[in-house]
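J.: We have chain E; now place chain U onto it with these hints.
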Amino acid sequence: MKKVPKTREIPLAWLQLSREKSRLLVAMAGIAFADMLMFIQLGFQTALYDSNTRLHQKINADLVLISPQGRNIVNLTTFPRRRLYQALSFDGVASADPLYADFVDWKNPQTQIKTSLLLLGFKPDKSAFLIPEVEQNLEKLKMPDVLLFDKGSQGKYDETLASLEQGKTVSTEIQERKINVKGLFLSGASFAADGNVITSDLNFHRILTRRHPSQVSAGLIKLKPGVDPQQMAEALKLSLPNDVRVLTKAEFIQFETKYWSENTSIGFIFTLGTAIGFVVGVVIVYQILSSDVADHLAEYATLKAMGYRNSYLLIVVFQEALILALLGFLPGSAIAFGLYALTRNATNLPLFMTLSRAITVLILTMIMCTISGAIATKKLRSADPADIF
Amino acid sequence: MQTLTSVNQTQNITNQAVISVRNLNHYFGQGSLKKQALFDINLDIYPGEVVLMTGPSGSGKTTLLTLICGLRSPQEGSLKLLNQELFGANQEQLIQARRKIGYIFQAHNLLKSLTALQNVQMSLQLHSNISPTERYERATQMLEAVGLEERIHYYPTGLSGGQKQRVAIARALVSHPRVVLADEPTAALDSKSGRDVVNLMQKLAKEQGCTILMVTHDNRILDIADRIIYMEDGVLVSNDTGKSKSNH
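Heads up: the protein sequence lines correspond to chains E and U, in order. Using this note's numbering, the first residue of the first sequence is number 29, and each one after it goes up by one. Using this note's numbering, the first residue of the second sequence is number 199, and each one after it goes up by one.
Please keep in mind that the hints were generated in silico from the structure rather than gathered at the bench. Note that the structure is a prediction, hence the values are computed from the model and not measured. Just so you know, not all the hints are guaranteed correct.
Over 12 angstroms on every C-beta distance to chain E, these chain U residues come out as not near it, computed from the model [what the hints assert, rightly or not]:
| no. | residue |
| --- | --- |
| 1 | G227 |
| 2 | F237 |
| 3 | E290 |
| 4 | R349 |
| 5 | G359 |
| 6 | A386 |
| 7 | Y428 |
Heads up, simulated DSS-like pairs for lysine-lysine below, C-alpha to C-alpha not over 27 angstroms straight-line [as the list claims (entries may be wrong)]:
| no. | chain 1 | residue 1 | chain 2 | residue 2 |
| --- | --- | --- | --- | --- |
| 8 | E | K250 | E | K154 |
| 9 | E | K277 | E | K250 |
| 10 | E | K184 | E | K168 |
| 11 | E | K135 | E | K184 |
| 12 | E | K49 | U | K310 |
| 13 | E | K142 | E | K206 |
| 14 | E | K407 | U | K232 |
| 15 | U | K310 | E | K407 |
| 16 | E | K168 | E | K196 |
| 17 | E | K277 | E | K86 |
| 18 | U | K310 | E | K406 |
| 19 | E | K154 | E | K277 |
Yeah, the Cβ is synthetic: ideal placement off N, Cα and C, and Gly gets one too.
Only chain E is shown next, with the shape it has when bound in the complex (with noise of 0.2 angstroms):
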């Protein structure tokens, strides 16, 4: 009839884990050490999917048009233009614009060697990104045969870099025809292409002939203030044809990203990575509360002899492995947090560190803990009283 106590008043799980130092430490290291794994695995594989979608991110349009045939941004394929000014005609589109992109063969002006980029162009008297470097050198763009290069492109181009920082013009040629690069901005190389360079749509069509300027790649949507995005969408949808696709920008980022998630491994890598993460995480968690436990078994008999229940020691353990995670999670992400830096200024990978990775890191500590101290448990049965005597 006497009910045990909800609320102990003395803190077993944390003086336990407190009075031996030692012991404590070595569970921190090897927490931290699966949380910096998995927020490394979960890092990567978000910048790399974001890394692809740079361009689409910056995207000046509420909703962007594309080929129902198109693949990724190298591969839109084209449609008519003549959608571009169906579109026009709703009330809610502001403006409807064209934008061209294709493959393109370039030479380094630096050491000579062909490579592809993506070539972007569109009427030079609106950026079709909201890049600042972009905005601000429109007018250059009107020239012919003038280009803008990311210097977030991937190759040996440091000359080239320096020479353009300091307003020199810098003259290659695409495809056998001459261009000269004339300003800077910075995007970044990606899965499809090693970088990218902007000109005006004049210009796309005059490096590449076989393209039409009737055939756009893309339909750049910017609406009136107070139209709703989605219900835009759905009606440009009933009434163009089948041979568009109507996205908003979330969706076109989405778009990307599921290409290469669907066309990479990327996706099973990097799970399969974290998993890794969080088996090397039970294992040493289970290590540590399994030697804890038979280093208090004696004492734990000695409870169950005064007469504590199983489910006390129970909730002994299991309150062990949280403090352990979150004990271990605070060093284990502060490392990953200085790793993903240390990444970013070496590879310009987009790696940063969000609120909702931490939070899932957090949350798959907790239950990697829960888990070994589960399995940690079973040793807590032969904790038979009779056996001290």
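T.: Relative to the frame of chain E, chain U by itself:
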């Protein structure tokens, strides 16, 4: 005590006995390895008695002790502890029985991560009708009663063998149990400490009116017993039901 003695001599009222054992047999092992450890034990222990159990190693006295205090389930026979029949009792009933008993073990088994005071409080925590403040006070008082008021915040590593045993006594007695069971409490101690410990146990037990059942080899302390039980090969060889002290 005299009154109780005369009452018990004239009547054999077993429901007054704190511990009552009838026809208890106990076995270890299975099948062909099955070995009998206790043979037809019959025993009554009355309130306020100080009973010593002694006998050679392997005589079954520890086994009997573990059965009496609910750490093992009786396999055959009857064992009543404070009127609770332990034969066939479920886990919850065993747990409740254990809470009514104070234990003093040979190896102290104090929790290393807790101070002397916290160790004693762990015993009080099992009783929900005692508030945290009261727990602290009672634990402190108990430790003062065993002479350790200077060391209530010491950890077991900072205490001598005798001091640790005194903490164990405080822990066993702080909740005022009706029965105290001790297994070789003086084994690891020198003469003086051992004597002090046993005197302390006896004094506190008399103050609280509880019964002491002690397993021991130690010949130096046999004089504190009201009764001595001698076991050999799982059989209760000698058991004075009378109250006269007998030296073995």
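J.: Evaluate each hint against the coordinates.
T.: Here's how the hints hold up against the structure:
no.	hint	verdict
1	G227	holds (15 angstroms)
2	F237	holds (19 angstroms)
3	E290	violated (9 angstroms)
4	R349	holds (17 angstroms)
5	G359	holds (16 angstroms)
6	A386	holds (14 angstroms)
7	Y428	holds (19 angstroms)
8	E/K250 to E/K154	holds (11 angstroms)
9	E/K277 to E/K250	holds (11 angstroms)
10	E/K184 to E/K168	holds (25 angstroms)
11	E/K135 to E/K184	holds (12 angstroms)
12	E/K49 to U/K310	holds (13 angstroms)
13	E/K142 to E/K206	holds (14 angstroms)
14	E/K407 to U/K232	holds (26 angstroms)
15	U/K310 to E/K407	holds (19 angstroms)
16	E/K168 to E/K196	holds (13 angstroms)
17	E/K277 to E/K86	holds (9 angstroms)
18	U/K310 to E/K406	holds (22 angstroms)
19	E/K154 to E/K277	holds (18 angstroms)
Hint violations for this structure: number 3 only, all remaining hints satisfied.
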